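Chemist: Take these sequences, add in the hints, and give me the full structure.
Per this note's numbering, the very first residue in the sequence shown carries number 192; after that it's consecutive.
Please keep in mind that the hints were generated in silico from the structure rather than gathered at the bench.
Remember, it's a predicted structure, so these values are computed and weren't measured experimentally.
Beta carbons are placed, not taken as given, at the ideal position from N, Cα and C, and that holds for glycine.
Check before you lean on any hint, since a few could be wrong.
Claimed, not checked - Cut-off 30 Å, straight-line C-alpha distance, at most; resulting in silico cross-link-like pairs (DSS-like, lysine-lysine):
hint: 1; residue 1: K306; residue 2: K197
hint: 2; residue 1: K307; residue 2: K194
hint: 3; residue 1: K283; residue 2: K234
hint: 4; residue 1: K283; residue 2: K232
hint: 5; residue 1: K234; residue 2: K245
hint: 6; residue 1: K260; residue 2: K232
hint: 7; residue 1: K232; residue 2: K221
Said to hold, decoys possible - DEER-style ranges, computed between Cβ atoms:
hint: 8; residue 1: E257; residue 2: A212; range: 41 to 51 Å
hint: 9; residue 1: E272; residue 2: Q251; range: 22 to 32 Å
hint: 10; residue 1: Q246; residue 2: L211; range: 32 to 42 Å
hint: 11; residue 1: Q251; residue 2: K306; range: 46 to 56 Å
hint: 12; residue 1: I278; residue 2: A305; range: 33 to 43 Å
hint: 13; residue 1: E213; residue 2: V287; range: 18 to 28 Å
hint: 14; residue 1: A202; residue 2: T295; range: 17 to 27 Å
hint: 15; residue 1: Q206; residue 2: E280; range: 27 to 37 Å
hint: 16; residue 1: Q206; residue 2: Q298; range: 14 to 24 Å
hint: 17; residue 1: V248; residue 2: Q268; range: 17 to 27 Å
hint: 18; residue 1: K232; residue 2: Q261; range: 21 to 31 Å
hint: 19; residue 1: K241; residue 2: M296; range: 31 to 41 Å
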Amino acid sequence: MEKFSKEEILAEVDQVAAQLAELEEIQRFKELEARLNENDKVKKLIEQIKGLQKQAVNLQAYGKQEAVKQIDEQIDQVQAEIDAIPIVEEFKGTQVVVNDLLQTMVQSITQQVAKKIEQ
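Modeler: Structure below.
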(Lines of atoms letter the chains of each structure in order from A; the text may use other names.)
(Lines give C-alpha, C1' and ligand atoms only; values in the text may rest on other atoms or scores of the structure.)
Protein backbone atom coordinates (compact mmCIF):
# COMPACT_ATOMS: atom_id res chain seq x y z
CA MET A 192 0.00 0.00 0.00
CA GLU A 193 1.33 3.39 -1.04
CA LYS A 194 1.97 5.84 1.78
CA PHE A 195 1.19 9.53 1.52
CA SER A 196 2.33 12.39 3.68
CA LYS A 197 -0.17 14.63 5.41
CA GLU A 198 0.85 17.43 3.03
CA GLU A 199 0.16 15.26 -0.03
CA ILE A 200 -3.26 14.34 1.29
CA LEU A 201 -4.09 17.98 2.02
CA ALA A 202 -2.96 18.91 -1.50
CA GLU A 203 -5.40 16.33 -2.87
CA VAL A 204 -8.14 17.77 -0.67
CA ASP A 205 -7.41 21.24 -2.08
CA GLN A 206 -7.68 19.85 -5.59
CA VAL A 207 -11.03 18.18 -4.86
CA ALA A 208 -12.28 21.41 -3.24
CA ALA A 209 -11.30 23.37 -6.36
CA GLN A 210 -13.14 20.86 -8.54
CA LEU A 211 -16.21 21.08 -6.31
CA ALA A 212 -16.18 24.86 -6.57
CA GLU A 213 -16.54 24.49 -10.34
CA LEU A 214 -19.68 22.36 -10.15
CA GLU A 215 -22.80 24.01 -11.54
CA GLU A 216 -24.67 23.53 -8.25
CA ILE A 217 -21.93 25.22 -6.24
CA GLN A 218 -21.64 28.06 -8.75
CA ARG A 219 -25.40 28.66 -8.55
CA PHE A 220 -25.27 28.59 -4.75
CA LYS A 221 -22.47 31.17 -4.67
CA GLU A 222 -24.29 33.39 -7.17
CA LEU A 223 -27.52 33.32 -5.14
CA GLU A 224 -25.62 33.91 -1.91
CA ALA A 225 -24.01 37.03 -3.39
CA ARG A 226 -27.36 38.32 -4.65
CA LEU A 227 -28.96 37.60 -1.30
CA ASN A 228 -26.23 39.49 0.56
CA GLU A 229 -26.90 42.52 -1.66
CA ASN A 230 -30.68 42.42 -1.21
CA ASP A 231 -31.71 45.47 0.84
CA LYS A 232 -35.10 44.05 1.80
CA VAL A 233 -33.52 40.89 3.19
CA LYS A 234 -30.87 42.91 5.04
CA LYS A 235 -33.57 45.12 6.59
CA LEU A 236 -35.64 42.15 7.71
CA ILE A 237 -32.60 40.37 9.18
CA GLU A 238 -31.72 43.51 11.15
CA GLN A 239 -35.32 43.61 12.37
CA ILE A 240 -35.02 40.01 13.61
CA LYS A 241 -31.73 40.79 15.37
CA GLY A 242 -33.36 43.74 17.14
CA LEU A 243 -36.31 41.61 18.20
CA GLN A 244 -33.96 38.88 19.46
CA LYS A 245 -32.14 41.43 21.62
CA GLN A 246 -35.46 42.60 23.03
CA ALA A 247 -36.42 39.00 23.79
CA VAL A 248 -33.15 38.39 25.65
CA ASN A 249 -33.63 41.54 27.73
CA LEU A 250 -37.25 40.70 28.51
CA GLN A 251 -36.30 37.16 29.45
CA ALA A 252 -33.67 38.49 31.86
CA TYR A 253 -36.46 40.38 33.64
CA GLY A 254 -38.75 37.34 33.67
CA LYS A 255 -41.32 38.85 31.30
CA GLN A 256 -42.34 35.56 29.69
CA GLU A 257 -45.56 36.83 28.09
CA ALA A 258 -43.68 39.68 26.40
CA VAL A 259 -41.01 37.21 25.24
CA LYS A 260 -43.76 35.09 23.71
CA GLN A 261 -45.08 38.10 21.78
CA ILE A 262 -41.59 38.98 20.54
CA ASP A 263 -41.05 35.37 19.44
CA GLU A 264 -44.28 35.56 17.44
CA GLN A 265 -43.06 38.78 15.79
CA ILE A 266 -39.77 37.06 14.95
CA ASP A 267 -41.68 34.17 13.37
CA GLN A 268 -43.71 36.64 11.28
CA VAL A 269 -40.60 38.43 10.03
CA GLN A 270 -38.91 35.09 9.31
CA ALA A 271 -41.96 34.01 7.30
CA GLU A 272 -41.72 37.27 5.36
CA ILE A 273 -38.06 36.55 4.60
CA ASP A 274 -38.83 32.97 3.59
CA ALA A 275 -41.51 34.18 1.15
CA ILE A 276 -39.00 36.24 -0.87
CA PRO A 277 -38.34 34.31 -4.12
CA ILE A 278 -34.54 34.59 -3.99
CA VAL A 279 -34.57 33.26 -0.41
CA GLU A 280 -36.67 30.28 -1.49
CA GLU A 281 -34.31 29.59 -4.39
CA PHE A 282 -31.25 29.99 -2.16
CA LYS A 283 -32.62 27.52 0.39
CA GLY A 284 -33.30 25.03 -2.40
CA THR A 285 -29.74 25.24 -3.70
CA GLN A 286 -28.46 25.03 -0.13
CA VAL A 287 -30.24 21.68 0.29
CA VAL A 288 -28.74 20.40 -2.98
CA VAL A 289 -25.21 21.50 -2.00
CA ASN A 290 -25.55 20.06 1.51
CA ASP A 291 -26.75 16.73 0.09
CA LEU A 292 -23.81 16.68 -2.31
CA LEU A 293 -21.33 17.35 0.50
CA GLN A 294 -22.96 14.77 2.78
CA THR A 295 -22.72 12.17 0.03
CA MET A 296 -19.03 12.95 -0.43
CA VAL A 297 -18.32 12.76 3.30
CA GLN A 298 -20.12 9.41 3.57
CA SER A 299 -18.23 8.06 0.58
CA ILE A 300 -14.88 9.16 1.99
CA THR A 301 -15.76 7.70 5.39
CA GLN A 302 -16.68 4.36 3.83
CA GLN A 303 -13.53 4.25 1.71
CA VAL A 304 -11.32 5.06 4.70
CA ALA A 305 -13.07 2.41 6.80
CA LYS A 306 -12.49 -0.18 4.06
CA LYS A 307 -8.79 0.71 3.86
CA ILE A 308 -8.43 0.49 7.63
CA GLU A 309 -10.01 -2.98 7.66
CA GLN A 310 -7.59 -4.29 5.02
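Chemist: Would you mind confirming whether the straight-line C-alpha gap from K232 to K221 stays at or under 30 Å?
Modeler: holds, 19 Å
Chemist: Falls inside 46 to 56 Å, the C-beta gap from Q251 to K306?
Modeler: holds, 50 Å
Chemist: Kindly confirm whether 17 to 27 Å is satisfied by the beta carbon distance between A202 and T295.
Modeler: holds, 23 Å
Chemist: Tell me if the beta carbons of E213 and V287 are separated by a distance inside 18 to 28 Å.
Modeler: 20 Å Cβ-Cβ, so the 18 to 28 Å window holds.
Chemist: Does the hinted range 32 to 42 Å hold for Q246 and L211 at CB?
Modeler: holds, 41 Å
Chemist: For a C-alpha distance cap of 30 Å, please report whether K260 and K232 respect it.
Modeler: Distance ~25 Å between K260 and K232 Cα, so the pair holds.
Chemist: Hint check: K306 vs K197, CA-CA at most 30 Å. Holds or violated?
Modeler: holds, 19 Å
Chemist: Tell me if the beta carbons of V248 and Q268 are separated by a distance inside 17 to 27 Å.
Modeler: holds, 18 Å
Chemist: When you take the CB atoms of K232 and Q261, is the distance between them in 21 to 31 Å?
Modeler: At 24 Å between Cβs, range holds.
Chemist: Holds or violated: the 22 to 32 Å window for the beta-carbon distance between E272 and Q251?
Modeler: Since E272 and Q251 have Cβ atoms about 24 Å apart, the given range 22 to 32 Å holds.
Chemist: Taking 31 to 41 Å as the stated bounds, is the beta-carbon spacing between K241 and M296 within them?
Modeler: holds, 33 Å
Chemist: Decide if the proposed pair is consistent with the structure: K283 and K234, CA atoms, cutoff 30 Å inclusive.
Modeler: It holds: about 16 Å lies between the C-alpha atoms, which stays within 30 Å.
Checked against the numbered hints above, the structure violates none of them.
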